[in-house]
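Construct the complete structure from the given sequences, taking the supplied hints into account.
Residue numbers (this note's numbering), protein chains in the order written: chain L, 206 to 541; chain R, 206 to 541; chain G, 206 to 541; chain C, 206 to 541.
The list makes no distinction among identical chains, and a pair is therefore deemed to hold if it is satisfied within one copy or across any two copies.
In silico DSSO-like pairs for lysine-lysine, Cα to Cα no more than 30 angstroms straight-line:
(1) K438 / K358
(2) K494 / K319
(3) K301 / K358
(4) K358 / K498
It is worth saying that the hints were derived from the structure and are not from the lab.
Next come the chains, spelled out residue by residue.
Number of protein chains: 4
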Amino acid sequence: MHSTAKLRGIFTPNVVPLDSRGDIHERELRRYVDWLIAKGVHGLYPNGSTGEFTRFTVEERVRIMEIICDQVGGRVPVLAGAAEANVKETLRACEKYYELGAAAVAIVAPYYYKLSPRAVYAYFKEIADNTPIDVTLYNIPMFASPIDVPTVKRLAEECPKVVGIKDSSGDIPQMIRMIQAVRPMRPDFSFLTGWDAALMPMLLIGCDGGTNATSGVAPELLVKLYELTLAEKLDEARQLQYDVVTLFDAMITSSEFPDGFRTAVRLRGFETGVGRQPISDEQQAELAKLADKLQCLLAQHGFTDEPGCGCPIPSSSPDVARIVEAVVAKLKQRGL
Amino acid sequence: MHSTAKLRGIFTPNVVPLDSRGDIHERELRRYVDWLIAKGVHGLYPNGSTGEFTRFTVEERVRIMEIICDQVGGRVPVLAGAAEANVKETLRACEKYYELGAAAVAIVAPYYYKLSPRAVYAYFKEIADNTPIDVTLYNIPMFASPIDVPTVKRLAEECPKVVGIKDSSGDIPQMIRMIQAVRPMRPDFSFLTGWDAALMPMLLIGCDGGTNATSGVAPELLVKLYELTLAEKLDEARQLQYDVVTLFDAMITSSEFPDGFRTAVRLRGFETGVGRQPISDEQQAELAKLADKLQCLLAQHGFTDEPGCGCPIPSSSPDVARIVEAVVAKLKQRGL
Amino acid sequence: MHSTAKLRGIFTPNVVPLDSRGDIHERELRRYVDWLIAKGVHGLYPNGSTGEFTRFTVEERVRIMEIICDQVGGRVPVLAGAAEANVKETLRACEKYYELGAAAVAIVAPYYYKLSPRAVYAYFKEIADNTPIDVTLYNIPMFASPIDVPTVKRLAEECPKVVGIKDSSGDIPQMIRMIQAVRPMRPDFSFLTGWDAALMPMLLIGCDGGTNATSGVAPELLVKLYELTLAEKLDEARQLQYDVVTLFDAMITSSEFPDGFRTAVRLRGFETGVGRQPISDEQQAELAKLADKLQCLLAQHGFTDEPGCGCPIPSSSPDVARIVEAVVAKLKQRGL
Amino acid sequence: MHSTAKLRGIFTPNVVPLDSRGDIHERELRRYVDWLIAKGVHGLYPNGSTGEFTRFTVEERVRIMEIICDQVGGRVPVLAGAAEANVKETLRACEKYYELGAAAVAIVAPYYYKLSPRAVYAYFKEIADNTPIDVTLYNIPMFASPIDVPTVKRLAEECPKVVGIKDSSGDIPQMIRMIQAVRPMRPDFSFLTGWDAALMPMLLIGCDGGTNATSGVAPELLVKLYELTLAEKLDEARQLQYDVVTLFDAMITSSEFPDGFRTAVRLRGFETGVGRQPISDEQQAELAKLADKLQCLLAQHGFTDEPGCGCPIPSSSPDVARIVEAVVAKLKQRGL
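This is the structure we're talking about:
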């Protein structure tokens, strides 16, 4: 499925279910892939940050891709995370994933060392000039060397194999600058946002889609948000975006990334196992509490039952609570 | 004009024209105010960052407010920057601006020292409990202590006098979080963005307006962008937002803030004078070049003539250039 | 006292005692000045960050200088903080402080706006070319625009009136770079560190002294540390530097700067009053606890009595505690 | 050589010579190891940041250790960089390096993801509880999750296998805080600085040594600086530290790390090859220029000949130049 179609829609950067020994849980991974496709996501994005690519071995990363490409079976495009230790190893991964049928690879800028824009350019140029598969740049400045606008522009100009950028900065003016710099000469170039909390406004200013970890937890929500936004049903989309922020914040601000997402996927019925990054006892206790909170948020949308201990009255939806609060505020304002 | 109306629309944080001795150029300031109102801005915001409040003396800040309130004469609301050296002095300014008829004051969080959220809360609480005028919080984390979401929520709950926030971070998820936290209990609370490059998406996710320096240069553009967005004419609004990014970037990335804006206002026909911050000779030469670039950008919208030396063919609008580039790119892709 | 002597030794950036109405407490300020000189500090540095210059009015800053210059009476040099709203106002302050007999002024780089090195250069150049008094650059990058090494070098080359730098970054390699760039051509140029926690190593790599807030709390300690280091009594100096770090950390990490220092000066017998920055109730409670902790640290050196509630056994000095701990550690290491 | 001796002195974090195909150049690596030992370095530190551990494969990292341990043959201790993708893989490396005879391993805090102190603790705790070899913590906050003082203290208390920290922050107060927190209970714990530009002051405030990339280029200089400092010959040490800053800055601010060091090692007579990180053409041209500059710096110390094109008169050493400059400065000061 080496489609030349532009990358569009919601791609799920999936967590990798682990078994009781900490190994890849193939059966659950396959079941999870089927579920995600059934829920309507437009593509999969394995071996990304949510997929904890840095915590697997080279062999495991390849195995994850084999399982996913096999299970997907061409139903949706697969965007394959392909960053390895150096250009030679990355190119080897690109070839492998090309053979496995991935639609494109996504390659994060070099990390650990903080590289200058010139070296970031040179890195992607060397890869793009030598790979059989289309390449999506992956900009995530909080974790890796930033890919700045002039670099994106230069790569888009010089490298036909570079077909898009996945940007996880959440910086909307930056996205506008990239679109302004690239779209006129490369209408085929795809702009995807990796920052779930800004999906709706990113789409409205011109993005083609998102690679959003929240779509691995609540694919229904993200797909609906995408569709409502494209249909310009702004009031409904805005409210859904607010809900996505609430859910996303709960998962991303707890414990260590992506443990919040791993916990939430478990609530949707998958044995996700324990993450590979050791965490402290306090953090484990916090994760247990988070599970209840997440279950309540998911129950609001009918994705799960409420936890046994019940849920607080959600402040963001029911009109009664809102009215009471507003009345109290007014009374306060009048000094009562 | 102590209106209780919610703050909405485009407020211009005006630069202060200076005469040849570096003093406030009252005549030009009055003329500039009239022009801005004639061009449709919904309010004025003197003594903000664009107004270089820190570079004037206490007496000058008061004088600026006197001139502006007098000249505005109640035609539009005035949001008055009122941050002074300490709470006592700030309260004195609040009283003065209340008497002058300002609709509200905007107070930046303490700067120089970086305060914790608890002290930022205490600062605004003490002001809000003792002032006769409504207060807008001013969050500009690149220059001053940040005002975080829990602090905004707590102040909105406890202080009826706090009626809004002006946020210049440009962080859309942050704006969503503030709106989620405050709007249900304080529907009267106003959310204004100070980051021109994100005005359209900010409005679309729920903001009430903006305090945008670009509106002092091209009030027609910002007012139109505001109206198109509210009317949900998204394609037109998006293109206009792109143009605003181009113009804003040109002004904000050159020399020292707000010299780019000062230069551009001059191109609209006002003697803005030389800024009070000394700049190097190289920077002065760059400002001269910037003036030509800005004149070209403004000429594209018919706001000025082109400069004598002419303008490059703009890359962001004409279809011809786009088509040529796209064709060349396609040819390159096919290896030609 | 317009001495041409190089600035050397420990300069105290004094807090300003306030009375019950929050005004300058002149009597205590005079008494405090006498006490500091009696304890051996080599100079005073009013209207610095510790002196909260931004929280006083223009008139108050002048009054503070008048009191201090008068009280000092030429016994030690006074380095006068002279940053005002703009170049004109700063020059006015320079003239005034020159008349009052200050040895030099210290001028912080422009703050609030973050300026480029070129504008920082232009700012100091304009001041240095027009002032009657010697100027010390004040680099405090956590609060103000940084003054980088090439800028220091260029100003030292071009401006005879620029006679030193006070650097509060605590960055030792940066200090070495400045000394390397400037000292060969300007042996008269003074390098002062404002980061108490690095005083000894700063002196050892070539600094001429320090402007250290801790010297306002424990002048005996800082003066002794200075003397021991110059005498190359390294073991004694090192232990004293460790104690200074403990004391400095306790004061700087609590509440809001400089409340920890204000609290500690009170323990030395001065009515310092309540700071002008409002703080939360929790912070006030924490400051009360801090006072006990500080009193214990000061009691260790015999500067105060222990607080009524007693002190924990200090972990950093007594040999018994150390030996016990070491033995336990050894036993643990052997698995016992 | 599983010595229980405390880690002390200068450890060289060696670059890895590459052959024309980009593979490990075993012959040169062996020759380089012998040369470093002959020049007096106290230990080796392979697979660190200078050794570009992230750019090699798992198999290559093991091969590098095999070659070095074999070639060292117990002459000096080897501190082995052992960070791998996850705890299981890291423990496997620890066992392997234990068998190869390394004195200890150095493990960087997890990178890419930014972990909280609690998870950094949990990570090192799990490793330290399950490894046969002594562990040195490696704190390099510019590249990896920071290891804060309470975490170092807690690990030192709970884990006998944790025997030291290598800190590359260059933050002297932070080093003092760590020594204060740990040394009383763990006198065996070793504190090493990885920031060459602060070696002398770090030793003077209590460090046991350094892992300094510059020692791979000029081992003579670093070893001499270490010895002069320990002998308290402060004037000579200071001048040498200044020279180290000049050399270190030239290498670290050019191109991409560690290309400057790779270039300099070549000047000492080793075929270091081309680094694995692609760089732009401009950067390659700059590296060629850097080589001349470095050769001049090395020639000043007699380590190399001057380059064919000659060298500028060094500004940091010759008295003549200094005197001329000082005279000119004086004349300028007097207005002549």
